[in-house]
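Put chain G on the given structure of chain A with help from the hints.
There are 2 protein chains.
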Amino acid sequence: MAELVDAPDSKSGGATRESSSLSPGRKIIMKYCNQCGNDLEFKIPKGDNRDRYICSVCGYIQYENPKIVVGTVPMLGDQVMLCLRGIEPRINFWTLPAGFLENGESMADGAKRECEEEALITPNVQSMIAVVDVVHADQVHVFYRATINDENFGAGEESLDVKLYRLDEVPWDLIAFETVEIALKAQIEKEANDESPIYHTIQ
Amino acid sequence: MAELVDAPDSKSGGATRESSSLSPGRKIIMKYCNQCGNDLEFKIPKGDNRDRYICSVCGYIQYENPKIVVGTVPMLGDQVMLCLRGIEPRINFWTLPAGFLENGESMADGAKRECEEEALITPNVQSMIAVVDVVHADQVHVFYRATINDENFGAGEESLDVKLYRLDEVPWDLIAFETVEIALKAQIEKEANDESPIYHTIQ
Numbered sequence: 047m048a049e050l051v052d053a054p055d056s057k058s059g060g061a062t063r064e065s066s067s068l069s070p071g072r073k074i075i076m077k078y079c080n081q082c083g084n085d086l087e088f089k090i091p092k093g094d095n096r097d098r099y100i101c102s103v104c105g106y107i108q109y110e111n112p113k114i115v116v117g118t119v120p121m122l123g124d125q126v127m128l129c130l131r132g133i134e135p136r137i138n139f140w141t142l143p144a145g146f147l148e149n150g151e152s153m154a155d156g157a158k159r160e161c162e163e164e165a166l167i168t169p170n171v172q173s174m175i176a177v178v179d180v181v182h183a184d185q186v187h188v189f190y191r192a193t194i195n196d197e198n199f200g201a202g203e204e205s206l207d208v209k210l211y212r213l214d215e216v217p218w219d220l221i222a223f224e225t226v227e228i229a230l231k232a233q234i235e236k237e238a239n240d241e242s243p244i245y246h247t248i249q
Numbered sequence: 047m048a049e050l051v052d053a054p055d056s057k058s059g060g061a062t063r064e065s066s067s068l069s070p071g072r073k074i075i076m077k078y079c080n081q082c083g084n085d086l087e088f089k090i091p092k093g094d095n096r097d098r099y100i101c102s103v104c105g106y107i108q109y110e111n112p113k114i115v116v117g118t119v120p121m122l123g124d125q126v127m128l129c130l131r132g133i134e135p136r137i138n139f140w141t142l143p144a145g146f147l148e149n150g151e152s153m154a155d156g157a158k159r160e161c162e163e164e165a166l167i168t169p170n171v172q173s174m175i176a177v178v179d180v181v182h183a184d185q186v187h188v189f190y191r192a193t194i195n196d197e198n199f200g201a202g203e204e205s206l207d208v209k210l211y212r213l214d215e216v217p218w219d220l221i222a223f224e225t226v227e228i229a230l231k232a233q234i235e236k237e238a239n240d241e242s243p244i245y246h247t248i249q
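Protein sequences, first through last, are from chains A and G. Each number in this note's numbering comes from the position in the first sequence (counting from 1) with 46 added on. Each number in this note's numbering comes from the position in the second sequence (counting from 1) with 46 added on.
Don't read these hints as lab results, they were simulated from the structure. Treat the hints loosely; a few may be bogus.
Given that identical chains are not distinguished, each listed pair holds provided it fits within a single copy or across any two copies.
[Unchecked claim] With a straight-line Cα cutoff of 30 Å, these simulated BS3-like cross-link-like pairs (lysine-lysine) come out: (1) LYS89 with LYS77; (2) LYS92 with LYS209; (3) LYS236 with LYS77; (4) LYS236 with LYS92; (5) LYS89 with LYS236; (6) LYS231 with LYS209; (7) LYS236 with LYS209; (8) LYS231 with LYS89.
Next comes chain A alone, as it looks inside the complex:
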């Protein structure tokens, strides 16, 4: 299983994407203040206790905080719908529909949107099934239980294929990300009426 070095959706939240091998908390080196255009410094602001990007002229502080990735485990009966990734990272590996939460949407709505974009379906999104801190990537991945009504799905722009797999036939060696594996295992191991998510931390 590959280490997760990025979020499943390449389209947004890219600030963590381009240099994921850098140390957590400073993935992108920011040089200029987005308010006044002058040089940024990386130091502890007065009254704070950790390094931040601070403008050397206007004093504006540019905070960086973890991002949320939302996804679903879309079930049709005893089969799960997986998407074959058409983009890097992990092109040609199978994933659950998931991506960065956007401003102005709830987590469940974001999870539903990712299904629409990646698999052309609108699932019935239910309770959370897996919450995974991905500490080295400064991300939290949240997966929801979901159901779909039929096989009217298809490959969205970022997918090469979309297929149903029985839970005892998941292609584990070809799963794109560790958090996707965790969510799939939660779906397999948890009772259908269990609304408590599994909680996991990947350092």
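Showing chain G alone in chain A's frame:
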């Protein structure tokens, strides 16, 4: 109950703090590229479907995504520990220890750190008890069940006072934020062994 217009912790994640009345998704108007210092435009990038800040010269995209606020409901027997806010917003109102999740930490560790900072205690952090989308603020608030062992707590830098309240004596009219109220009600209403969080969306 006041509408939540900010996260409980003023110290970090301030990009959403200074202009919370602006429309979601564009709380802070960014003017300059943090990579090359040239002018930013606000438009839909090629292959995307929503407005982003894009550098007019180098093409760098500065993504903005929701932030995570983590907190606890710290219990000593049948009493909950509340902090009297010493900072705006909602100075002199009672709150649960909570604040922005930082890069490089898990949500449970962040919730514990906020307790250390605001109430000088290290609680035993347990399962999630409340997850609240605060859509208009581009935030998700996550509260954990927690226990403390004794009354060795005190007011941290951002608190004026820290006190224990029996759950049937919570000062509801003086609670700082709606999400804190939701978390306290979850603590009251849920069975002690119920590990499924309540899930709520504030538009």
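Notebook entry, point to check: Of the hints stated earlier, which fail here?
Noted result: The structure breaks hints 3, 4, 5, 8; every other hint is satisfied.
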